[in-house]
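Quick note, the sequences are listed as chains A and B, same order.
Letter by letter, the first sequence follows residues 1 to 258 in UniProt numbering.
Letter by letter, the second sequence follows residues 1 to 359 in UniProt numbering.
Keep in mind the hints are simulated off the structure, nothing from the lab.
Hints are not guaranteed to be accurate.
[Said to hold, decoys possible] One-sided and incomplete, this derived list gives chain A residues near chain B with beta-carbon spacing under 7 Å:
1. M53
2. V56
3. V78
4. V81
5. R84
6. R85
7. M89
8. N95
9. F97
10. T99
11. G109
12. L112
[Unchecked claim] Stretch-level coverage of chain B by chain A, calculated; a stretch enters the list once three of its residues show a Cβ under 8 Å from a Cβ in chain A:
13. 239 to 247
14. 258 to 264
Note that the Cβ used here is the ideal one computed from N, Cα and C, for glycine as well.
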Amino acid sequence: MAKRIDVSGLSAYYGSHKAIDDISMTVEPRSVTAFIGPSGCGKSTFLRTLNRMHEVTPGGRVEGKVMLDDENLYGSSVDPVAVRRTVGMVFQRPNPFPTMSIFDNVAAGLRLNGSYRKNQLAEIVERSLRGANLWNEVKDRLNKPGSGLSGGQQQRLCIARAIAVEPDVLLMDEPCSALDPISTLAIEDLISELKERFTIVIVTHNMQQAARVSDRTAFFNLAAVGQPGKLIEIDETERIFANPSVQATEDYISGRFG
Amino acid sequence: MTSHTLRATRPAPPAPGGRPGLNQRRLPRWAPAATAAVSVALGIGIGLAAGLESRVQWGLIAALLFLAISYGVTSAVENRRQAKDRLATSVVWVCFLLAVVPLLSLIWVTLSRGVKVLDGYFLTHSMAGVPGFETGGGVYHALIGTLEQVGLATLVSAPIGLLTAVYLVEYGRGALARAVTFFVDVMTGIPSIVAGLFILSIMLIAGLQPSGLMGALALAILMVPVVVRSTEEMLKLVPNELREAALALGVPKWRVILKVVIPTAIGGITTGVMLAVARIAGETAPILLLVFGSQLINSNPFDGAQSSLPFYIWEQYRVGSEASYDRAWAAALVLIAFVMILNLVARGIARWKAPKTGR
Numbered sequence: 001m002a003k004r005i006d007v008s009g010l011s012a013y014y015g016s017h018k019a020i021d022d023i024s025m026t027v028e029p030r031s032v033t034a035f036i037g038p039s040g041c042g043k044s045t046f047l048r049t050l051n052r053m054h055e056v057t058p059g060g061r062v063e064g065k066v067m068l069d070d071e072n073l074y075g076s077s078v079d080p081v082a083v084r085r086t087v088g089m090v091f092q093r094p095n096p097f098p099t100m101s102i103f104d105n106v107a108a109g110l111r112l113n114g115s116y117r118k119n120q121l122a123e124i125v126e127r128s129l130r131g132a133n134l135w136n137e138v139k140d141r142l143n144k145p146g147s148g149l150s151g152g153q154q155q156r157l158c159i160a161r162a163i164a165v166e167p168d169v170l171l172m173d174e175p176c177s178a179l180d181p182i183s184t185l186a187i188e189d190l191i192s193e194l195k196e197r198f199t200i201v202i203v204t205h206n207m208q209q210a211a212r213v214s215d216r217t218a219f220f221n222l223a224a225v226g227q228p229g230k231l232i233e234i235d236e237t238e239r240i241f242a243n244p245s246v247q248a249t250e251d252y253i254s255g256r257f258g
Numbered sequence: 001m002t003s004h005t006l007r008a009t010r011p012a013p014p015a016p017g018g019r020p021g022l023n024q025r026r027l028p029r030w031a032p033a034a035t036a037a038v039s040v041a042l043g044i045g046i047g048l049a050a051g052l053e054s055r056v057q058w059g060l061i062a063a064l065l066f067l068a069i070s071y072g073v074t075s076a077v078e079n080r081r082q083a084k085d086r087l088a089t090s091v092v093w094v095c096f097l098l099a100v101v102p103l104l105s106l107i108w109v110t111l112s113r114g115v116k117v118l119d120g121y122f123l124t125h126s127m128a129g130v131p132g133f134e135t136g137g138g139v140y141h142a143l144i145g146t147l148e149q150v151g152l153a154t155l156v157s158a159p160i161g162l163l164t165a166v167y168l169v170e171y172g173r174g175a176l177a178r179a180v181t182f183f184v185d186v187m188t189g190i191p192s193i194v195a196g197l198f199i200l201s202i203m204l205i206a207g208l209q210p211s212g213l214m215g216a217l218a219l220a221i222l223m224v225p226v227v228v229r230s231t232e233e234m235l236k237l238v239p240n241e242l243r244e245a246a247l248a249l250g251v252p253k254w255r256v257i258l259k260v261v262i263p264t265a266i267g268g269i270t271t272g273v274m275l276a277v278a279r280i281a282g283e284t285a286p287i288l289l290l291v292f293g294s295q296l297i298n299s300n301p302f303d304g305a306q307s308s309l310p311f312y313i314w315e316q317y318r319v320g321s322e323a324s325y326d327r328a329w330a331a332a333l334v335l336i337a338f339v340m341i342l343n344l345v346a347r348g349i350a351r352w353k354a355p356k357t358g359r
């Protein structure tokens, strides 16, 4: 069940430092939204506010509203743990659990939540691994440790782990930045398949990647180092790359600054 | 352009032909071994000639000669930089030997004196009815005492230490965490006799009798800070990314700690606990005060006096007869073997539980 995300007036802080300022945007369901912008502009911070991972950082705090369909993620009666089951996340560096086998890694979300039936587990693991295009490569060694896979395989394992708990939204924080072009291609193909079922938000430094995989693109920027990051504009990816409405976006995309 | 400015600012090259070539005079690979042999021979020679009685003095002379000769020869044949390098390497070697020689000599002496009476009979009999100056008797009652007291101390202190470390690493913020860290540091420095006196005062106030449990409580006080410190370091080594990955799957924090953080660090935590056990297994002072010592087998640690290996060693050595000296050395050997077996078990567990990287 893909869901729409509606952000309004969202600011995030690290202690007293304001990292992002007053961001409002809509993320459409069953589509890929890419965040681009220079380093330190708050893309990742903003992404982490969408599943309440920002507050895991010591001193992290958020103001504003994030509506997932009709529920405010920052409502006073909302459990952050429940939010993270609904909004999954894939990180920049592949981080499979080193003590667990490939099978256990994929099953980790279900097992650790205690929300599964034993006879379904094998089926869910296979479906998730197939969903992450990894099944054929690992089906004969499901009991081997996940850390023995290559970087690209590990990242797909992490995607399988994230989709095994059937989230509504999948957040990806530069999922390909540690991978070679072939693994990157595999992940990008996967993203195009996954958007049939999930709402996907991806942070990337690679503008070609944003152009290839995303339906909509948001450009973030910051006035100066130490200033909070801001959303400059969000639009259809084709328009952002062909004919952006803000000069700064065009400058960034055409490589005229940074 | 750039090369011109570079050349201008750099000091003049050492020789008209530019830098020295890549090929330089090198000492052969066997040079350090030869230097060592020569210095040992010289050390013995000087020692004999000067009539020095202590072999330790011979060894120190040889070590100093080794440092001097390797520096001198290298700087003569190679150059100053290589000589400094060789000197540093030699210092490392000498320090290594200085650290290892006492250890080996200790093990050798304990082994050679301990094996005299160490047999099945020694391990399975107590000192009941054996006068201290006669042969016979055994260490069984002390072995039982040590196992039970150390086991109880571990049961008490391992959970407390583990949970404290989890609090410090995963939850602790601000003044309380700083206070806990401070007091753990202070506790690390508590002498064992003070821990013993502390439990003794409680024992007297509460009107309790000496027993294995009382000793175990004093040992637990000594063990807790060691467990906290080592566990804390191990938990800090667990990458934050793993915590975030588990949190992002919608796993509650306590389950993340229980199912991801602790399993990842369990090898190191086990080693830490085992090292703490090894440390307290040799404590004598609290046993002397609180367990009282006994010649008889008492396998109930909650009632009545017990013995323990360090106490037994002290007791036997105090008797001062040939037979009791033999028993003391044999018990020392048993104690060392006990600690060594614990260490090996800990290493085994650490290797077995370590995150696997194989394909």
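Unsatisfied constraints (hint numbers, rising) = 3
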